[in-house]
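Chemist: Sequences and hints are given; from them, build the entire structure.
Okay, so the sequence shown: first residue is 201 according to the working numbering, each after it adds one.
No lab work stands behind these hints, which were simulated from the structure alone. Be careful, since some hints might not be right.
Claimed, not checked - Pairwise CB distance ranges, derived in the manner of DEER restraints:
#, residue 1, residue 2, range
1, 380, 275, 48 to 56 Å
2, 326, 214, 23 to 31 Å
3, 220, 277, 15 to 23 Å
What the hints assert, rightly or not - Each computed SDA-like pair below joins lysine to any residue, with the alpha-carbon atoms no more than 25 Å apart:
#, residue 1, residue 2
4, 239, 260
5, 305, 295
6, 305, 331
7, 305, 379
8, 305, 322
9, 322, 388
10, 317, 288
11, 305, 353
12, 317, 336
13, 322, 369
14, 239, 275
15, 317, 360
16, 310, 343
17, 305, 380
18, 388, 303
19, 322, 383
20, 388, 349
21, 322, 382
22, 388, 324
23, 322, 357
24, 322, 288
25, 322, 338
26, 322, 376
27, 310, 360
28, 262, 230
By construction, the Cβ of each residue, glycine as well, lies at the ideal position given by its N, Cα and C atoms.
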Amino acid sequence: MLVAFFTFRYGLSIMYERGLIYMMLMVGIVAGAGLVGVKNLSLPVKLTAWLRAPIITQNVGKFLCLVLIGLTLAIGIPDRQDTPYYYMIDSEDYEAFAWIRDNVKEGYEKAVLDPWKATAFKAITGKNVYTRIHAFPRPSDEEASKFLEEGSSDTTFLRENGISIIYTEGEVHNPDLIEVGENIYLLKEAE
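Modeler: So, in structure tokens, the structure goes:
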């Protein structure tokens, strides 16, 4: 089922993304059972009598488990250490959001921006956003991205949705918007 979705993109993505959770749970259970099997390993009696190292010979399975876990962590952690899991904004975005919080008047209450950055925008500025990505992209997220990619030129879209703040790193081609800061635009009529 998962292979079909990721190959052909057929169906609702949330169903298959949740399927990944159960698949990883099953893989974890199988790996845990494998570690129990390794932990229960022991050397033959003839070999343990010859080695004369009772601590290692009596606990060879536990020692191998520690080696396997250490090896897995040593390989896995460095590969994922630089992954930006929760870094949706950079310092420039934060400074712009703080500027909006401190300088944009009360009449400007709703913003449109990259949906991935919208959660941080709401938390920092206290202002509402048109849309933000919760778990997976929705149609409104695609509308916001398309609006920004097209140069924020659709004033009707802004008015219909009550949007008065635009934050975008792209070009803006709209005479109804005033640039008040780097990447920060306000709708003229919102005052």
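Chemist: Does each hint fit the structure? Answer for all of them.
Modeler: A quick look at each hint next to the structure:
no.	hint	in the structure
1	380 to 275: 48 to 56 Å	holds (49 Å)
2	326 to 214: 23 to 31 Å	holds (30 Å)
3	220 to 277: 15 to 23 Å	holds (21 Å)
4	239 to 260	holds (8 Å)
5	305 to 295	holds (17 Å)
6	305 to 331	holds (21 Å)
7	305 to 379	holds (15 Å)
8	305 to 322	holds (15 Å)
9	322 to 388	holds (22 Å)
10	317 to 288	holds (6 Å)
11	305 to 353	holds (23 Å)
12	317 to 336	holds (14 Å)
13	322 to 369	holds (18 Å)
14	239 to 275	holds (21 Å)
15	317 to 360	holds (22 Å)
16	310 to 343	holds (16 Å)
17	305 to 380	holds (12 Å)
18	388 to 303	holds (16 Å)
19	322 to 383	holds (17 Å)
20	388 to 349	holds (21 Å)
21	322 to 382	holds (19 Å)
22	388 to 324	holds (23 Å)
23	322 to 357	holds (20 Å)
24	322 to 288	holds (13 Å)
25	322 to 338	holds (18 Å)
26	322 to 376	holds (24 Å)
27	310 to 360	holds (12 Å)
28	262 to 230	holds (18 Å)
This entry satisfies every hint, going by the numbered hints stated previously.
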